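Colleague: Each chain sits in its own coordinate frame; assemble them with the hints.
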Amino acid sequence: MVNSTALNAFHRRLGARMVDFGGWDMPMNYGSQIEEHHAVRRAAGMFDVSHMSVIDLTGSQVRAFLQRLMANDVDKLKAAGKAQYTCMLNADGGIIDDLIVYFLGEERYRLVGNAGTRAKDLAWINEQAKGFAVSVVEHSDLAMIAIQGPEARARVGAIVSPEAAAKAKALKRFSAVSHDGLFIARTGYTGEDGYEITLPATDAEAFWQALLDAGVQPCGLAARDTLRLEAGMNLYGQDMDETTTPLTTSLAWTVSMAPERDFIGRDRLLAQQAQGVAEQLVGLVLEGKGIMRHGQSVIAGDGEGLVTSGTFSPTLERTIALARIPAGDIETVQVDIRGRQVPARVVAPPFVRNGEPQHGL
Amino acid sequence: MSEIPGDLKFLRSHEWVRIEDDGTVTVGISDHAQSQLGDLVYVELPEVGDNVEPGASCAVVESVKAASDIYSPVSGEVVAVNESLNDKPETINEDAYGEGWLFVVKPSDTGEMEDLLDPEAYGELVESGEE
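Quick mapping for you: the protein sequence lines, in order, are chains A and B. Quick note: the first sequence uses the numbering used here, first residue 1, plus one each step. Quick note: the second sequence uses the numbering used here, first residue 1001, plus one each step.
Hints are not guaranteed to be accurate.
Beta-carbon label-pair distances, calculated as ranges [to be verified]:
| # | chain 1 | residue 1 | chain 2 | residue 2 | range |
| --- | --- | --- | --- | --- | --- |
| 1 | A | A123 | B | K1088 | 47 to 53 Å |
| 2 | A | G301 | B | S1035 | 41 to 47 Å |
| 3 | A | G328 | B | G1098 | 49 to 55 Å |
| 4 | B | A1056 | A | D20 | 30 to 36 Å |
| 5 | A | W253 | B | V1079 | 54 to 60 Å |
Since the hints were derived computationally from the structure, they do not count as laboratory data. Only a predicted model underlies this, so the values are computations on that prediction, with no experimental measurement involved. All C-beta atoms in this analysis are idealised placements derived from N, C-alpha and C, irrespective of residue type, glycine included.
Next comes chain B alone, as it looks inside the complex (with noise of 0.2 Å):
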């Protein structure tokens, strides 16, 4: 498994998380994630301007074998979306801490991130294989 970047955080649902210096949170899938799922070939994502909010599913990606429900970890408004994983799915599988990115929220709630996981904290969930 490829090294986790430092600035990072996680859902337990597998999606990570970086907030940037303008307070947009960017959201993607786990190299774990894309591992287990194997070659991803299809992505639904929600369109800029759609509200988003934890607990609703607000994309999905699909591997060969599998479909995955991707979740939003703060409340807000899609402000940006990977449109070039539409015609590239595999970016995600090549690169899914970088190009492989989903979409980018700005909050409205920035206390819902709190509970998230750090790159530590998640290396152990996938260890202990708790998924």
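Bound conformation, chain A alone (with noise of 0.2 Å):
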């Protein structure tokens, strides 16, 4: 059975390719995927995201259940509104699933998860749950439309109330505020500024259809794929999953160790820590011809390494990767593309920021 968002009909109207992700059928691209991969680096483009998943946490023993649940410190959250990444890991480290943790109030918290998680990460917080005093509810009935790009906060600004837009320009990076029915955060997976606003699924056409009426241009899958991997953003199931733990995924930033916190998957952490960690996750860039794809092999020094995601970068105009590497200083590494072997210089991620390239690129 396959999931259909509150905008399947406008994208089938606007020509989307549609593809199966995660069970959901969702736009791949609508026209030029390249085309709406720069409409997000220089002015702005939008996303169906509802099909990510959206958990409400109440209950007097809320946070006592994330610091138990959620590898960084929710602690650290201190304003209504302040929003969080964070990894959910199983007792081997492993990660579940990567989410957003919006603090909403002292006993009220925002999960927002991945859409190919779902089920699990439902069945695995309302096992942890067991002991605490806290009500998980899954909400079925919104609808989240990703803004991203150098003009998109002024764009919804100018198509939402006055008060709304208010709020919203003077929200900092990682943060939320809820106007109007809208829950406004001004977060994203492009390495753009911009937007990620949950509405009520039956508003999602007539505001889908406000922002593209003010230019926003739809963007599918496709866009989002290169824009996250120039942006150096791991993807769920394809750069991390229950088999690496944040500190061979480049996510030890994301992990609290502080000596009071006892969550879950700490032990192993501690042990990898103490072993030292054998692996780590690199950025690629091609030195010469081909495109690196996920699951290509990588000669690292002694070592071997394997691409996990890989694409022609269109800001760059050339390919570059993640790639898992034994750890250690290394340079260049050798990536088997479809028998050849091509050289490939080490960076460290993102490879664009704010549509910048970096590293010289």
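Modeller: Okay, here's the thing in structure tokens:
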């Protein structure tokens, strides 16, 4: 059974090529995915991300519960509306999902997680919530639209009420505010400024139309993937999964190992730290011809690794990748592209940030 | 989908083939194939003088999303390649049946081409979705 979002008919009217993504019928591209990509880097693009899961947690012990459930420290969120990127780990330190936690009030938090992990996330959270005074409610009545790009915030400001526009404009990065039934977060997955806006599913078509009228380019999953890869962001199920820990996928910065914290997976991470982390996730820029793809093998010094995500970068007009390789200072590797060994330079992601190429690319 | 020129034949793997007046065979990918692949960004062509044969990949076209092997419909020698695609692979998206041609083969056995699909049969293959 394939799920569809409130915008499914709209995507089809716009001529989108639809694909099954994690059990959801989603737009891959409307026209040229490269033009959609450039729209986000240069002006404003919008994505239907209603397939992502929204789970609200409430109750007197919700903060203690999140301290147990999440590898990041929810106590860092001091003001209502603040957001935090975090991993939810199993007992072996493996990543069940990567999520954003929003602090809504003393006893209210919102989690936004991946579409493909929706069912297992909910089962895990419900299981761990036993023994805590916490209520777990998953929403199916909401839509989510990401508007991204240097002009994204201004375009949104022009179509919402003056009050909502003022509140949205005042948002700091990684913060959210509610107004007129819109939950507006200054977050994203493209390396550009912008918002992710959650709203009632019944309002989604009118909001999408207003954004279209404001000149915002509809963008599909194909552009979303090249944008996030240029921004050096992990994709769950591809760059990381339950066999990787935050320490082997460049997400150590999202883990709080403070001594008093007792989150699920902590012991494994401590052991991994003590033994020395054997692998690292790095960025690669191809020096020769061809295109790096997920699953290609990499020769790195005396060891071997794998390309976890690879693509042609529309901004840089060359091929880039994330790859998991042995730990250590490695400057160049050889990537096996369809039987040819092609040299690639190791760089620290991101490749592109706020429209600007990094590392002199 | 754009009109398929009537003088073309097709492989089930979505290459188009045109038999020229001098007996050589020009090969490209169909408009349907380019639309499925999306924006093309890299092309690896054979070299003039290479010997090619059916069933063995002799070129690669890559879109942002995926790589696709290209097959020759006949055994023979490559006598021309469309080098302009190295700089402008998007020409295939823009004009798959014209300026987006890939290479030309001088066949050594034209009998191999009897199984090619005519435009109508290829159109049915695409519509049936059995690709």
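Colleague: Among all the numbered hints in the text so far, which are the ones the structure does not match?
Modeller: Failing hints: none at all.
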